[in-house]
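*Asks:* Sequence:
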Amino acid sequence: MEVSPRFQVEDFSGHNMKMLLILFLMIICSHISVSQDSGPKYADVVFLVDSSDRLGSRSFPFVKMFITKMINSLPIEADKYRVALAQYSDKLHSEFHLSTFKGRSPMLNHLRKNFGFIGGSLQIGKALQEAHRTYFSATTNGRDKKQFPPILVVLASSESEDDVEEASKALQKDGVKIISVGVQKASEENLKTMATSQFHFNLRTVRDLSMFSQNMTQIIKDVAKYKEGAVDDIFVEACQGPSMADVVFLLDMSINGSDENLDYLKGFLEESVSALDIKENCMRIGLVAYSNETKVINSLSMGINKSEVLQHIQNLSPRTGKAYTGAAIKKLRKEVFSARNGSRKNQGVPQIAVLVTHRDSEDNVTKAAVNLRREGVTIFTLGIKGASDTQLEKIASHPAEQYVSKLKTFADLAAHNQTFLKKLRNQITHTVSVFSERTETLKSGCVDTEEADIYLLIDGSGSTQATDFHEMKIFLSEVVGMFNIAPHKVRVGAVQYADSWDLEFEINKYSNKQDLGKAIENIRQLGGNTNTGAALNFTLSLLQKAKKQRGNKVPCHLVVLTNGMSKDSILEPANRLREEHIRVYAIGIKEANQTQLREIAGEEKRVYYVHDFDALKDIRNQVVQEICAEEACKEMKADIMFLVDSSGSIGPENFSKMKTFMKNLVSKSQIGPDRVQIGVVQFSDINKEEFQLNRFMSQSDISNAIDQMAHIGQTTLTGSALSFVSQYFSPTKGARPNVRKFLILITDGEAQDIVKEPAVALRQEGVIIYSVGVFGSNVTQLEEISGRPEMVFYVENFDILQRIEDDLVFGICSPREECKRIEVLDVVFVIDSSGSIDYDEYNIMKDFMIDIVRKADVGMNRVRFGALKYADDPEVLFYLDNFGTKPEVISVLQNDQAMGGNTYTAEALGFSDHMFTEARGSRLNKGVPQVLIVITDGDSHDADKLNATAKALRDKGILVLAVGIADANPVELLAMAGSSDKYFFVETFGGLKGIISDVTASVCNSSKVDCEIDKVDLVFLMDGSTSIQQTDFKKMKEFLVSVVQDFDVSPNRVRIGAAQFSDAYHPEFPLGTFIGAKEISIQIENITQIFGNTHIGAALRKVEHYFRPDMGSRINTGTPQVLLVLTDGQSQDEVAQAAEALRRRGIDIYSVGIGDVDDQQLMQITGTAEKKLTVHNFDELKKVNKRIVRNICTTGGESNCFMDVVVGFDVSTQEKGRTLLEGQPWMETYLQDILRAISSLNGVSCEVGTETQVSVAFQVTNAMEKYSPKFEIYSENILNSLKDITVKGPSFLNANLLDSLWNTFQNKSAARGKVVLLFSDGLDDDAEKLEQKSDELRKEGLNALITVALDGPADSSDLADLPYIEFGKGFEYRTQLSIGMRDLGSRLSKQLVNVAERTCCCLFCKCIGGDGTMGDPGPPGKRGPPGFKGSEGYLGEEGIAGERGAPGPVGEQGTKGCYGTKGPKGNRGLNGQEGEAGESGIDGLNGEQGDYGLPGRKGEKGDEGSQGSPGKRGIPGDHGAKGLRGDPGTPGVDNSIEGPTGLKGERGREGRRGWPGPPGTPGSRRRTAAHGRRGHTGPQGIAGIPGPDGLEGSLGLKGPQGPRGEAGVKGEKGGVGSKGPQGPPGPGGEAGNQGHLGSQGNKGEPGDLGEKGAVGFPGPRGLQGDDGSPGYGSVGRKGAKGQGGFPGESGPKGETGDPGGPGETGLKGARGKTISAGLPGEMGSPGEPGPPGRKGVKGAKGLASFSTCELIQYVRDRSPGRRD
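Residue 301 in the working numbering sits at position 301 of the sequence shown; the count goes up by one each step and never skips.
Keep in mind that a hint or two might mislead.
[As the list claims (entries may be wrong)] Lysine-lysine pairs mimicking DSBU-like chemistry, simulated, CA-CA at most 35 Å apart:
1. LYS657 <-> LYS590
2. LYS225 <-> LYS41
3. LYS385 <-> LYS334
4. LYS1008 <-> LYS951
5. LYS367 <-> LYS547
6. LYS295 <-> LYS185
7. LYS657 <-> LYS547
8. LYS102 <-> LYS113
9. LYS545 <-> LYS1288
10. LYS820 <-> LYS617
11. LYS756 <-> LYS422
Just so you know, the hints here were simulated from the structure itself, not pulled from any lab data.
All chains, please: the whole structure from these sequences, using the hints.
*Replies:* This is the structure:
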């Protein structure tokens, strides 16, 4: 059931349901702005119920029962409630008016006798208009609306066929309050449009109306008292400071001693709560008390009123019993931090628990605390003397010193209050603003780690639980995700160990981040003991091999994770690793031995220890920072001034600690005149210079000077000090030009003067300010000084300063840059090499160019460089496609020598034009930006030609940057560059160093982001409110245009839409309306600002329609859906629920806040801090362009759907002693392409924007030596493991082979899809026996067994029998796949998608659109030029041409072949036009595709094409998705009478075990197999023609691998649950029983609620309602007696019995398995003749008119239990 506020009810039965209903009423009451003691008590209520075909006659009795219950529950009298009833479809049918009946009984009689189903189409708008006229006109109503408000209750089952908005507004304008209730497929938008405020409810099924009726009475009362505008028009108040969090206090209330201790506790809580901004949208407070039992005093949903929370605190009383803290924490997780009880964790709101205890716990706290922290809850522990320090640390979040507080007595709580509040606010700021930004800074710094080899050594021993192992893999994926993974950059390998080691993947196996992440996720735990030493030895050998591969020039790192003590010695292998200069990082968890960790790492700073696996995420950044620091700080260069608070509040001890902190920073810096310079100024109420930047040039001198500093004392004038210190960043005080400048402020007090203005002045001068403050300082002032929260380090005391040293040093080494690397670009240097430049000057020019190259991510798919030098004549140094690595480019530049001569710049520019052609490596036609950098030192001898030559280059789309030195002519520079911001001039060659940052910034900003995903649907939602100046609105549009330029905008790649909002919503253009970046840019530039207030929430609800298939969205095909929200202020309406609804649909939301925005509200929009960013003003938008695009390009969560595919081989022609691949050309020809095609499954309905992850294992049963299968993800060398396998003879398709294939699956969990893909040349055993074995495997959990027939000498009857053993192919059951099919990969991919739908989405039937025409990919065929390089293949013409000549029909193509012979001539002149003639040679490739029997190389290209095209044509599948709701009706195909059971089936989506339904299918397969065999020859013939076009398709397939992401966390929760039972053994047996009861119903745990048994009795009514629906007749007779009972519960049964008819019992029979099993048995006997029935399907040619989708719809439309 869905209500607003959203409230999910999953089960409408038993005690749990009663508790949920009670909670529902609580929520409704808490959210509606009415006074319970005022307002009207009664109303005129009109029920308008759906009676259309969409609802269906089968569902109508449930509606009738609902109305009956409502009439029974309302006090209906002349002066109280009046009720009217109407039903509608395409017209209104009035049952009775408000004045027709004065009491309940005649209404019930009318329902019994006259209330029947009408049918017809669904037109809600028309019904509302007629209801308005019939029931709510002045003449028909007759009562005072203020005293008896008119209420309309609308029940709808589907989306209206007409508009509802106008009619709804008319009713509301007349004062009618509308409650909308939806069932089945009701439109959420319709319901919201009709409803008054939040009074709209969406139930899952029509059956849920019975239980919902109990809520409806209260809802009617609430809406009657509701005052229009009380909710909708309220301005949403901003939270005061960091105050958006859900905070729960967990209190040990068994307080010993006097009441004084209780008073201290209450005082602490009261003072804390009083200081917090408690409101529904800000801080929510929960209170939970415990001893031996746990009681929720105040849930989060109730903790939104400060006075009520304070009253609960006052009412706290001591409790007796021992402390069971573990049980209390468990209850906290299950009941308090849950969305249904008020938690906003799904909205991104920080979740915080505060434990206050004074004694040891009697039960295990570790597991309960880990599970709570895994839910994203931060835990603070506050222990008073008597509490266990160990337990406090194991409960608290990491690091313990930050989250654990220890006090001696309860009296100390008062003094600790302010510290606690600062910790709490600091945590909120850290979550909302700081952590994500520091992570971005870290990623930026790690860009400098361009080359590295990293091995991961993972403890997979049995002591690690499955959920812990999964957490370890997530940690490792996130660590390596920080690096640029590529063959020539950072490489990563992995080894798992336990008793022995297992190489998971070598360091060179995966060459991109996406595949690497999949490979880590795919690691399967070994189990066993912990032998770390042996594993270190083995990994050392791998690292030695890796070092040799790269010439020992690349740093090597080893990351070791272990959770136990090693059983063997680790000292010797650890020493050997260090001798090899391998940096080892030792990470210990739980029982890891810290001495061994130090031995492994060799250095304390590379040792990390956490109490549990969930804390790994808290040390991730530390580990990555340590790896990256080496390169980031290699050439550390900075001017650093310390500004040190020396006021009286610090004291001598803390002053000494502060000096130690400064000296530690100095010791971690490279001091020197060309490196780091440091100066110090002290301040209090005066300012005192200690030493300037250039005073000391060694670490020891600076440290000595710091030691000599004397404490000043007095007050704190920080603003004055900031103004004073600004002079020290000038050259006169030792500062250096073009060197980064840093100010580190250290203070412990609040400034007594203004700090913002002097700090802003410093930052505008380019000074980066870090503020370090202890809790005595004012954190708001520190943020004003530094400008951003992440630049502030706010710590509890001076002892903690050492924890932030590394973060500060790293920030100085590698400060945040928005454009850290040039990513995708073509750059050509045009270098003046004339005689006016001497040797040294030429070297300076070369260094300048090399600095630009160093800034670039060089690679053939990233940045390409070309260069030419010139004097009298130009000379090419290298073309854009000559070099693919940075060292190669740098080497050529370094070795270049000046030419000498005159300066003919225009000629050189004109000559450079040919370097920007596709033949010379330019990617201009692929949308890659082109940059030319010309560097000259003098006047050009052909200056008159410069203007025209340069303009021709610019008109071609080439950005020209001109760099002039010394005698260069600025007029000529301007002529070349075209604008003043594109040229740079320096007086001397030495001045080039001063402009390098500006030039590289211009180059970097012109580059494109390397996008990891191929496809995305991107919608811009722009703030057009009045607070934005028109000039700023223009800057916003310019920013969006720049974002568009970074994407490949086209119908099949990136689609873009836009909408604007203020207090109104204005759609600009939907997805896919405009094609091409240029066209979309024009549309954005033409957008006109609408002005108004800022209502982001309303805009989010409206923009949802952009993400529908009919609006151009590809949401149903797995394409990532992204919404980018730009705003300059706080929303004046509520945003959280609207944003959460979008995110639940799989839409990723990113937000950009400009100026004075609410960070906390932005995070509620995005759901996570990582997807929001803020800038100070509109001018700064251009700085974050790359970051926004980069974030969108990594969109896509982690997959929650996993498929394991076992590939088996049955080849009867293999001979003993031969290799597996020998004599099997199809394996090398086709197998690789097939595996590539099935490796990326997009379009799984429950995986929006993510890929289903496919792992493959090979099983070779006839290998000479035992073959050990291993699941791995696809890589280009996936077949390597098969190449050296020797077979002992032929393999046989028998029961043993099938068993071997099944046993290959290590993890037989139903959570992973399991598919066997068997390549076979026919059955080798009795067909019936194999069918039986196949059926056994299906029952054991195998999801599909698919065979591919191999061509060969096998008996055709053997191949014809293959379909007998198959299952899981859905509608393809009649098609026998064979190795010759050109679209085999595409077909297999579709079948795996269907398996994924069943396994992951509980969707049992899905129709997928057929393959589209192959014509579209044709145009890319013009990319012939790359083919010229492949022309060397003509050397292998050996008879290929002859074989093609044999088929006479291709005679015409033979003529084209003649043109092909001219191709070699064209090769001699690649630069000439004759290359176009070579393109016609490409037409000859059409013949290659048809040549299946020929050598496989050219055939492979054809397969790639076929695989690509289906991917592009996935769009038609969107329509199929509408059929999802009917899936449970599948069983109805076997028994049309009992079809209605589909209603129940939908409720239990786990019905996939119902597959046994088709046991009779084998017979049908036998009869149809032969025909399927014949059918395949047709596709072969068709395949050859479109093959070449398909090359484009193959590129498409590789692309989708990008949308990888991360969402598997929810899977862990299952594992966590399994751990839960380990807790109960601690308490006595009785406690265990209670625990068991608790597991049956989450709501049954609270003892107090259990006492309210009297309230619980209404629960059984719901159960009777369920019984009544199917068995109306029999129960009805009893109902006659029940009529006397006024509650009416038994009465409805009798009433429904009359119309129910005996037919309804069938529905119950199908649903309840308690009915005699003999009945289904009888149905089974007809099942055997079923196979001939399938034979009939094959013969019925008339069915050819049905597509798969139409067939599904046909069956659904005619199912007796059909629900629309």
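*Asks:* Would you check the hint for LYS367 and LYS547, treating anything up to 35 Å between C-alpha atoms as holding?
*Replies:* 42 Å, violated
*Asks:* Between the alpha carbons of LYS225 and LYS41, is the straight-line distance 35 Å or under?
*Replies:* 7 Å, holds
*Asks:* Is LYS295 close enough to LYS185, meaning Cα to Cα at most 35 Å?
*Replies:* Violated, at roughly 40 Å.
*Asks:* Against the 35 Å threshold, does the CA-CA distance of LYS1008 and LYS951 hold or violate the hint?
*Replies:* 23 Å, holds
*Asks:* Between LYS545 and LYS1288, does the CA-CA distance stay at or below 35 Å?
*Replies:* 33 Å, holds
*Asks:* Given the hinted pair LYS102 and LYS113, is their alpha-carbon gap at most 35 Å?
*Replies:* Distance ~18 Å between LYS102 and LYS113 Cα, so the pair holds.
*Asks:* Do the alpha carbons of LYS820 and LYS617 lie within 35 Å of each other, as the hint requires?
*Replies:* 25 Å, holds
*Asks:* Going straight from one Cα to the other, do LYS385 and LYS334 come out at no more than 35 Å?
*Replies:* Status holds; Cα separation ~29 Å.
*Asks:* Between the alpha carbons of LYS657 and LYS590, is the straight-line distance 35 Å or under?
*Replies:* 32 Å, holds
*Asks:* Given the proposed pairing of LYS756 with LYS422, does the C-alpha separation stay at or below 35 Å?
*Replies:* 22 Å, holds
*Asks:* Is LYS657 close enough to LYS547, meaning Cα to Cα at most 35 Å?
*Replies:* With a Cα-Cα distance of about 43 Å, the restraint between LYS657 and LYS547 is violated, given a limit of 35 Å.
The structure shown violates the earlier hints numbered 5, 6 and 7.
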